[in-house]
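Just so you know, the protein sequences line up as chains A, B, C and D, in that order. Sequential numbering from 9 applies to the first sequence in the numbering used here. Sequential numbering from 9 applies to the second sequence in the numbering used here. Sequential numbering from 9 applies to the third sequence in the numbering used here. Sequential numbering from 9 applies to the fourth sequence in the numbering used here.
By construction, these hints were calculated from the structure, which means they are not laboratory data.
The calculated lysine-lysine pairs, modelled on DSS-like cross-linking and capped at a C-alpha distance of 30 Å, are: (1) C:K34 x C:K145; (2) C:K147 x C:K34; (3) D:K34 x C:K145; (4) B:K34 x A:K147; (5) A:K145 x D:K34; (6) B:K34 x A:K145; (7) C:K34 x B:K145; (8) D:K34 x C:K147; (9) B:K147 x B:K34; (10) A:K34 x D:K145; (11) B:K34 x C:K145.
Derived CB-CB ranges, DEER-like: (12) D:T129 x B:E87: 54 to 64 Å; (13) B:K147 x A:A151: 29 to 39 Å; (14) A:E115 x C:G32: 45 to 55 Å; (15) D:S90 x A:S57: 30 to 40 Å; (16) C:A26 x B:G10: 23 to 33 Å; (17) D:F91 x B:S94: 26 to 36 Å; (18) D:K34 x C:E87: 15 to 25 Å; (19) A:A151 x C:P89: 44 to 54 Å; (20) B:P89 x A:A116: 38 to 48 Å; (21) C:D114 x D:P100: 32 to 42 Å.
Beta carbons: idealized from backbone N, C-alpha and C, even for Gly.
4 protein chains.
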Amino acid sequence: MGYISLDQARTIIAAALAHGGQLGLKPLSVAVLDSGSHLIAFERQDGSSTLRAQIATGKAAGALALGLSSRRIGEMAAERPSFVASLGTIAPAGLIPAAGGVIVVDEAGRAIGAVGVTGDTSDNDELCALAGIAAAKLKAQNA
Amino acid sequence: MGYISLDQARTIIAAALAHGGQLGLKPLSVAVLDSGSHLIAFERQDGSSTLRAQIATGKAAGALALGLSSRRIGEMAAERPSFVASLGTIAPAGLIPAAGGVIVVDEAGRAIGAVGVTGDTSDNDELCALAGIAAAKLKAQNA
Amino acid sequence: MGYISLDQARTIIAAALAHGGQLGLKPLSVAVLDSGSHLIAFERQDGSSTLRAQIATGKAAGALALGLSSRRIGEMAAERPSFVASLGTIAPAGLIPAAGGVIVVDEAGRAIGAVGVTGDTSDNDELCALAGIAAAKLKAQNA
Amino acid sequence: MGYISLDQARTIIAAALAHGGQLGLKPLSVAVLDSGSHLIAFERQDGSSTLRAQIATGKAAGALALGLSSRRIGEMAAERPSFVASLGTIAPAGLIPAAGGVIVVDEAGRAIGAVGVTGDTSDNDELCALAGIAAAKLKAQNA
Chain A
9 MGYISLDQAR TIIAAALAHG GQLGLKPLSV AVLDSGSHLI AFERQDGSST
59 LRAQIATGKA AGALALGLSS RRIGEMAAER PSFVASLGTI APAGLIPAAG
109 GVIVVDEAGR AIGAVGVTGD TSDNDELCAL AGIAAAKLKA QNA
Chain B
9 MGYISLDQAR TIIAAALAHG GQLGLKPLSV AVLDSGSHLI AFERQDGSST
59 LRAQIATGKA AGALALGLSS RRIGEMAAER PSFVASLGTI APAGLIPAAG
109 GVIVVDEAGR AIGAVGVTGD TSDNDELCAL AGIAAAKLKA QNA
Chain C
9 MGYISLDQAR TIIAAALAHG GQLGLKPLSV AVLDSGSHLI AFERQDGSST
59 LRAQIATGKA AGALALGLSS RRIGEMAAER PSFVASLGTI APAGLIPAAG
109 GVIVVDEAGR AIGAVGVTGD TSDNDELCAL AGIAAAKLKA QNA
Chain D
9 MGYISLDQAR TIIAAALAHG GQLGLKPLSV AVLDSGSHLI AFERQDGSST
59 LRAQIATGKA AGALALGLSS RRIGEMAAER PSFVASLGTI APAGLIPAAG
109 GVIVVDEAGR AIGAVGVTGD TSDNDELCAL AGIAAAKLKA QNA
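So that you can see chain A by itself, here it is in the shape it has in the complex (with noise of 0.2 Å):
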């Protein structure tokens, strides 16, 4: 099984922050965790509002709880709040529902990290997930 490494992360989170650059977005914040939802890298941009650590790290670790895109799972709160709060109350890292969350995997398909962003609308903190993943060569779970 593969891993997500120090380098591969700062190129996560460059790429990121500079795909929400080209876009003209506000301030971001960009986690990116391993496959147990610890941490590897984080950075937040200048200007950001106080608690964007937790949102980008609970983006992710809520995408790594469930198996799920935090998208996906804000989908899934749409349909079922109050099965999708009581989730929160127990996950350690926190379970954000908003797009902005999204598992890295293998070839093989099995989740190695997650990236989370926050600081603009969710569509486009995925967005620049989703650039930050590609310009590592990694893969994003589809789902």
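Once you have looked at the hints, place chains B, C and D on chain A.
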């Protein structure tokens, strides 16, 4: 008052996982708790996401917390979401309002423990919990 | 990087409990965690007290948290009690400074999980953890 | 009042890790926090154990919490262990009483953030934190 032995807990888990295999379900996790909500045994199948121990435990512990199956708690959450959310905050092992957490009772109807299953749809999770309880020749609470 | 499968975790638990039986130990509890500190499997023998799941998990998770066996963390706690106590506060799954929590490594020496045992003296707990790891033909970290 | 920019935080982390490499230290983790104890940037080197983000953050956040370096808090903990333990319980990001957490001040001596390093001995961790702060042409609080 009776109790669930470790041998019975093993039978419950093995039968629940076997039932999931027969139905072709996703990787499952199964927790068996005693009447005080303390874990007796737990197994998480290969390929599961990270939060499954907490979810399986939270379904079973929530059932014991209120004396109702987690399916019933899920129905309650649809009607009274704030009430159920407030319970999750004070429940040490969580309280997950979705089917798959089933109370085990003795002949007199007293709770002697609970089983929590997660990994597939909550309806399928519950089928596996019931299969496990039946295989151990124990009785599921009818509520 | 390798990982501990559910089958291997079952072997570890069965062998650890068998070893306790051979030594005539008190009822034991055994937790097997993946490299990210998430529970793979757990068993608590009949007659155990209530907090055993948390203690077994906390020994193993604490070992992974610092990259040291819980025996070593116990020695550290004797010299620097406030430091080790402060870690317990921020460790999501606890950090128990007493022997019985042992890291499992792959051929390259990387952590692929950990085993935590509790119930008897911590020295005996550790013997059972090591017996379990050996029975699964896995390697305990030597630190 | 000044603040630590993301660019400065990157310089601090790069220099702290480079210093660790020159000294031949174990894999390090470095957290840079703003004056409100919110994470600006973090990196964890390959091969680190799982709790390093929390420890690095807890050293820096603890320093900001009391206005003292985590080395001084460690000395305080030796004299008044119960007092320092009680603070850890109420500190949202933890309070780690061991060297390696250093406050960054502006020309007027006001705290503008803090750096926390963990991975090697706490004395070596602190050397790397100071090297990082110096590389960014910032000033460490002398206490």
